[in-house]
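Colleague: Take a look at the letters that make up each chain.
2 protein chains.
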Amino acid sequence: MARPTIADIAQRVGVSKGAVSFALNGRPGVSEATRARILQVAKEMNWRPHSAARALGGARAEAVGLVIARPASTLGVEPFFAQLLSGLQAGLSAQSVALHLLVVEDVEAEIEVYRDWASEHRVDGFVLVDLKARDPRIEALEELGVPSVVLGGPGRHGSLSSVWADDREAMLSVVDYLAALGHRRLAHVAGLPAFRHTQRRMRALRDSVRRLGLVDAVSLPTDFSDAEGAAATRALLSRARRPTAIVYDSDVMALAGLGVAGEMGVRVPDELSIVSFDDSVLTRITHPAVTALTRDTFALGRQVAEVLLAVIADPGRRQDVRTATPRLVVRESTAPPGLDRDN
Amino acid sequence: MARPTIADIAQRVGVSKGAVSFALNGRPGVSEATRARILQVAKEMNWRPHSAARALGGARAEAVGLVIARPASTLGVEPFFAQLLSGLQAGLSAQSVALHLLVVEDVEAEIEVYRDWASEHRVDGFVLVDLKARDPRIEALEELGVPSVVLGGPGRHGSLSSVWADDREAMLSVVDYLAALGHRRLAHVAGLPAFRHTQRRMRALRDSVRRLGLVDAVSLPTDFSDAEGAAATRALLSRARRPTAIVYDSDVMALAGLGVAGEMGVRVPDELSIVSFDDSVLTRITHPAVTALTRDTFALGRQVAEVLLAVIADPGRRQDVRTATPRLVVRESTAPPGLDRDN
DNA sequence: CCGGCGTACTAAACCGCTCTAGTTGCCGGA
DNA sequence: TCCGGCAACTAGAGCGGTTTAGTACGCCGG
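Chains A and B, in that order, are what the protein sequence lines are. For reference, each letter of the first sequence is one residue, going 125 to 467 in our numbering. For reference, each letter of the second sequence is one residue, going 125 to 467 in our numbering.
Each hint should be verified, as a subset may be incorrect.
Identical copies look the same in the list; a pair holds intra-copy or inter-copy alike.
Unchecked claim - Cross-link-like lysine to any residue pairs, in silico, SDA-like; alpha carbons within 20 Å at most: (1) LYS167 to VAL139; (2) LYS141 to LEU180; (3) LYS167 to GLU244; (4) LYS167 to VAL453; (5) LYS167 to ALA134; (6) LYS141 to GLU156; (7) LYS167 to ALA233; (8) LYS256 to GLY337; (9) LYS256 to ALA193; (10) LYS167 to LEU268.
Simulated from the structure, these hints should not be mistaken for lab results.
Working from the sequences, and respecting the hints, build out all of it.
Modeller: Written out as structure tokens, the structure reads:
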């Protein structure tokens, strides 16, 4: 037999389709004896629910959507992203919920996909990443009324739930540490300026200048690529008064910066301290190993999954989860600035 | 109005549901005038097809499945994997086909998911990765009769289509190059021995020993992690007669090896040459930059997507695509062996 | 003037499941 | 003895499409 349906089971057991449906979904309306018999026959016939048929009736799709607006080729080079994905997976697969993944060109296309998937009942909810300033996606998702979780915050994500870490505080802890070491001339190789977390980090750095009496603290925006990270570093180290410490918004850029320092004969950490805002294998396996802000990205992903599942289960609820602030792990790339320079 | 259905359109235009269906699917049975009118109204009402309803009728799910049997936390550290995913995405999204992604614990669970998704019509086809020796998944997929593409080969994937690169030839090209430089004592820090491509590489290396008159060439299996890569390197460099060149099965392990060499005071490339079997940003941004076999993993993923879509479109067909053999890119980590050693 | 045919359309069955409104039979209480 | 109430089940509508069988109509040839 091709694919058994509940009608087949009903016939075999000698009850109606309805009874079979009740039994299989564990709801009242059938006696225990009948339920057991139905379950057994269903098993014997190797019956499986047809997800489309269920979805038609308005039930769960048992899947959530993640749509990313980036050129697909850059997805692969971000360890952060891959880790996040793993965590999401882990959280979702615990409840056998699948992840519908799609990479699109831009935010407009992304919103279009939200509309499609929501109205087609393909997914039960969405995860929103790469939050931007005045992000139109928030409004779109609110309008659709589909349970969603925003990765990033706090604030400015309307009625949607969110999971976030405190970027500002993290940046402050880095700057505090570098200042305590004696650094007065800092630089920040930032990520895409459109991203809200990039902006927050830049602002935190600017705010620190006065507070700690720093001489200088510039932020250079990039596109997160190793190429632009290297270029920014080259520019910074070519200045008459170079920074004595550079903070990078991603591990890949930090390594690129480390490479440029080597190529220009600038010794790390003696002449230049380097800190990465993201941690991964990369920062650990190089020499010198890079001081980095570490956070459990895998756990973050899992947490996002859990919040999303909770919101799906109870759409009225709204959660705003603050995760642990990234912790600074000091390795070999940071030290007090060399004394031979006029800072 | 909530979500317009074809019945709504039919009513508004003043025709039957059937006519609307014909018009929207571009099939004969309606006049051009009526068709145009229906299309216009559909657009006005912002109608979208309900995928579940279509799937019920036996149509495509417009999604393909990728199930990976690995601990979810390791997924993130493999640049290869992330790149592949990007490429798959690119190939699929060109035809608006989504990717259903799930990470499971083991191969048995993986097969179970294939059964579920196939019988639930959740996906139209599968991508099979991490091919193992005598892989039970192949048989399972053949039995299900769902279009599938195996990444890896050649041979031993039954009636399924495949996309593969010649690992053997790639390994030979590396060994030839090292031998030509004068290396006679090689080592290979391999990946998981259960994987078929690992086995093929190990065999290719063994075969080269006689052919090129090498003194020694060992393969040490690992689990692909940076930790085991480092441990294997430490073991190799602690031998009385150390290898003068090590080939690593992944870029992460190559970097870990590079780190161990530094820590043990073994100069690269003067005393030790290092080659990575995988290329990514990582091998480029370290110092010394690592000589690596490079291939366009993104393109590989896209190719897999294309083959899968072709097989879905025409299930009778079977494709066996051989992609370009990885090319050796020589960087700073390889050189002739030091002359002070007895090799 | 009639039969035959092609075009443009309608009505309704169907896909597999869920869920509501009945229906049946049994039990207990007045 | 009769009725109400409950548990256990049935019948069938409905979800939003696709598809098939059928119908109405106009046009053609003989």
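Colleague: Which hint numbers does the structure go against, in order from smallest to largest?
Modeller: Hints 4, 8 not satisfied by this model.
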